[in-house]
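Next come the chains, spelled out residue by residue.
There are 2 protein chains.
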Amino acid sequence: MIYLDNAATSFPKPKTVVEAVVRQMETIGGNPGRSEHQGGLAASRIMYDTRQKLARLLGIEDPLRVIFTLNATEALNLAIKGALKPGDHVITTSMEHNSVLRPLETLKKQSIETSLLKADKTGLVSLSDVRQALQPNTKMLVITHCSNVTGSIQPVEEMVKLAREHQLLSLVDASQSTGSIPYHIEKMNPDLLAAPGHKALLGPQGTGFLYMKPGVVLQELKQGGTGSESENLQQPLTVPDRYESGTQNAHGLAGLKAGIEFLLKETVEAVREHEKKHILQLKEGLSSIKGIRLYGPESIDQQGSVILFAIRDLDQTQLNYMLDQLYGVSARAGLHCAPLAHQTIGTFPVGAIRFSPGYFTTKEEIDQALSAVNQLASDF
Amino acid sequence: MIYLDNAATSFPKPKTVVEAVVRQMETIGGNPGRSEHQGGLAASRIMYDTRQKLARLLGIEDPLRVIFTLNATEALNLAIKGALKPGDHVITTSMEHNSVLRPLETLKKQSIETSLLKADKTGLVSLSDVRQALQPNTKMLVITHCSNVTGSIQPVEEMVKLAREHQLLSLVDASQSTGSIPYHIEKMNPDLLAAPGHKALLGPQGTGFLYMKPGVVLQELKQGGTGSESENLQQPLTVPDRYESGTQNAHGLAGLKAGIEFLLKETVEAVREHEKKHILQLKEGLSSIKGIRLYGPESIDQQGSVILFAIRDLDQTQLNYMLDQLYGVSARAGLHCAPLAHQTIGTFPVGAIRFSPGYFTTKEEIDQALSAVNQLASDF
Numbered sequence: 016m017i018y019l020d021n022a023a024t025s026f027p028k029p030k031t032v033v034e035a036v037v038r039q040m041e042t043i044g045g046n047p048g049r050s051e052h053q054g055g056l057a058a059s060r061i062m063y064d065t066r067q068k069l070a071r072l073l074g075i076e077d078p079l080r081v082i083f084t085l086n087a088t089e090a091l092n093l094a095i096k097g098a099l100k101p102g103d104h105v106i107t108t109s110m111e112h113n114s115v116l117r118p119l120e121t122l123k124k125q126s127i128e129t130s131l132l133k134a135d136k137t138g139l140v141s142l143s144d145v146r147q148a149l150q151p152n153t154k155m156l157v158i159t160h161c162s163n164v165t166g167s168i169q170p171v172e173e174m175v176k177l178a179r180e181h182q183l184l185s186l187v188d189a190s191q192s193t194g195s196i197p198y199h200i201e202k203m204n205p206d207l208l209a210a211p212g213h214k215a216l217l218g219p220q221g222t223g224f225l226y227m228k229p230g231v232v233l234q235e236l237k238q239g240g241t242g243s244e245s246e247n248l249q250q251p252l253t254v255p256d257r258y259e260s261g262t263q264n265a266h267g268l269a270g271l272k273a274g275i276e277f278l279l280k281e282t283v284e285a286v287r288e289h290e291k292k293h294i295l296q297l298k299e300g301l302s303s304i305k306g307i308r309l310y311g312p313e314s315i316d317q318q319g320s321v322i323l324f325a326i327r328d329l330d331q332t333q334l335n336y337m338l339d340q341l342y343g344v345s346a347r348a349g350l351h352c353a354p355l356a357h358q359t360i361g362t363f364p365v366g367a368i369r370f371s372p373g374y375f376t377t378k379e380e381i382d383q384a385l386s387a388v389n390q391l392a393s394d395f
Numbered sequence: 016m017i018y019l020d021n022a023a024t025s026f027p028k029p030k031t032v033v034e035a036v037v038r039q040m041e042t043i044g045g046n047p048g049r050s051e052h053q054g055g056l057a058a059s060r061i062m063y064d065t066r067q068k069l070a071r072l073l074g075i076e077d078p079l080r081v082i083f084t085l086n087a088t089e090a091l092n093l094a095i096k097g098a099l100k101p102g103d104h105v106i107t108t109s110m111e112h113n114s115v116l117r118p119l120e121t122l123k124k125q126s127i128e129t130s131l132l133k134a135d136k137t138g139l140v141s142l143s144d145v146r147q148a149l150q151p152n153t154k155m156l157v158i159t160h161c162s163n164v165t166g167s168i169q170p171v172e173e174m175v176k177l178a179r180e181h182q183l184l185s186l187v188d189a190s191q192s193t194g195s196i197p198y199h200i201e202k203m204n205p206d207l208l209a210a211p212g213h214k215a216l217l218g219p220q221g222t223g224f225l226y227m228k229p230g231v232v233l234q235e236l237k238q239g240g241t242g243s244e245s246e247n248l249q250q251p252l253t254v255p256d257r258y259e260s261g262t263q264n265a266h267g268l269a270g271l272k273a274g275i276e277f278l279l280k281e282t283v284e285a286v287r288e289h290e291k292k293h294i295l296q297l298k299e300g301l302s303s304i305k306g307i308r309l310y311g312p313e314s315i316d317q318q319g320s321v322i323l324f325a326i327r328d329l330d331q332t333q334l335n336y337m338l339d340q341l342y343g344v345s346a347r348a349g350l351h352c353a354p355l356a357h358q359t360i361g362t363f364p365v366g367a368i369r370f371s372p373g374y375f376t377t378k379e380e381i382d383q384a385l386s387a388v389n390q391l392a393s394d395f
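Chains as they are written, first to last, in this note's numbering: chain A, 16 to 395; chain B, 16 to 395.
Hints should not be assumed to be uniformly reliable.
Identical copies go unnamed one by one, so any copy, or any two together, can satisfy a pair.
[Unchecked claim] Think about it this way: if two alpha-carbon atoms lie no more than 27 Å apart in a straight line, the pair counts; the simulated BS3-like pairs of lysine-lysine are:
1) LYS30 - LYS100
2) LYS378 - LYS305
3) LYS298 - LYS136
Worth flagging that the hints you see were computed from the coordinates, not collected in a lab.
Every value quoted in this text rests on a predicted model; they were computed, and no experiment measured them.
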């Protein structure tokens, strides 16, 4: 199998990630933050260590500002619903995933309105559009760092700066960039940043996080046992406890810690260089195949490890299925849970095929994937 | 180590549970419900299989009425917040966990009031108290099946029946019973039932579920990508998609499936018989030690696999720490995230020590734990 669906979930995982999950499950009996015995303390420790490693990887000063969640979607819901109040206005973009668009759509019922900035055909949003959308009641700017459809990398640092100048909260959806495109949170300076653990951080599914800048306070999505202030019927206000109710996924987080350690050693810069080569090869290879339409940014510096294309006006989902069945190339077609992004670039409602290489993808696999597309394009 | 903290999280897990997680992580590249390639389909299949096995174990007719969550706390939050509206009244009990009490406390701000029925000294709630608490605006009865503090098993079938007679929604917190005390959902007949995957279901942490009776509709807690109706900015209304946004913990659920398969083979009835023996032995052993106060129900038929005790008026948390450090007995002291339960039985705010044996606990381990308590009680 040639796995080119790392934008959905990374595969394979480093061996150490699986080993860490096994070690946690086999040797640590205990619930993090709950019980005072060796196992309980060891489970708490793995949670803290994972926070600390993540903080080191992403340039977060205080590890306690990392809130663990089931996935990036939960982190985005927590950030959006925890910050907004009736009457607020939000600025976001047509490149967002349904994990941003659907919560905002739901909040319309609570008189929270959204301005959707339309990106250009290559998936990029302009700073001046953000400026023009500002209203007196604008409370938040929500922007994806790297599109999961086209790979377009937004000028997120400038956007966050603009938001700060206008006293807006900034929320960055870093689902596609975290672990794949180097960034430094304290330098990017967002108020909130969400990402999954199972994509380029190479961790298990069932992990994700929200970074909250010191000083930012959100209403929590869920209340429950936190292992702290148990005598109190009120949810504790300390971070991260306030936002992490119930038994956390310490088994999965042990794996995430190993994924982050892998990246600390290899460096995200090296991942980016490796993936860039694949995207360049794919760009060149795909554009030389007759009948292929390529989408996304011109410059590789504005593109993450995602490339989108269509073969003439055929049924792209069907073609993608054949890529898998006939050539063993696993990729994703359709709308990628981001319908407005496809509308923006003109691939709605048919969708297109997305290749997303990872750090373990080889040049030979890209060669084979290109030859499969070539074959399909000439057969149909 | 003698692990007597299965009420916090079960340990060890069956070998097959760890193996299933490893197999899923090592061989299945794909995001459940997202991508149309072999790996994506295999990930979807594991989710469906887990639902189906769980349905078979618990007597649920339609597996699609099982909603997966991060933990039982999330399931309880979804049930409580998804059903209640301003002006509603809720009946619950003093034996509930903070995962029920804290969401209800938060909802007070939205004019949702709660009547808290005080259990008797053994942790049992009476049916007539429920009847007396009924108000014209009562919408829901929330009741824990088995207390995580005293092990008290509530007359939950009668309670649910009473709730149904008065057109209330019934929500059962089955966190301590699921996989440990046999029950049949269609027979118990609740509208909603929540439980974790990592306790007596023997699965990994990061798993939990909410059962929703056919016809019950809740407002979802989170919106996002569901891999379905991607063109639609509205959250899909189909179950389970509506309630499962973002990448699900397929790695953990693969393990949960193996845990459930283990129980299907061994039977929950056998687990109950095994654990009953341990509780009986502990009851007998602890009550013969001078200076020990035992809490909980008289009859073993009203007690799950949890036993609570205190050694004179000493610092129970300190004693528990010594049990772990000096005798390798891992248990949990304190308030167990259920402050009102401790108030009810008279152990607030000091708390008490809880032993919770599991299916893998042996008679020899119980002997050793008893001898450790005996030693401690005579030393101090």
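Structure-based check of each hint:
1. For the homomeric pair LYS30 and LYS100, neither the shortest alpha-carbon distance inside one copy (45 Å) nor that between copies (48 Å) is at most 27 Å.
2. Taking the closest pair of Cα atoms, LYS378 and LYS305 come within 27 Å of each other only inside a single copy of the chain (22 Å); across copies the shortest separation is 73 Å, beyond that limit.
3. When the C-alpha separation of LYS298 and LYS136 is checked against a cutoff of 27 Å, the pair qualifies only within one copy, where the shortest distance is 17 Å, while the shortest distance between copies is 72 Å.
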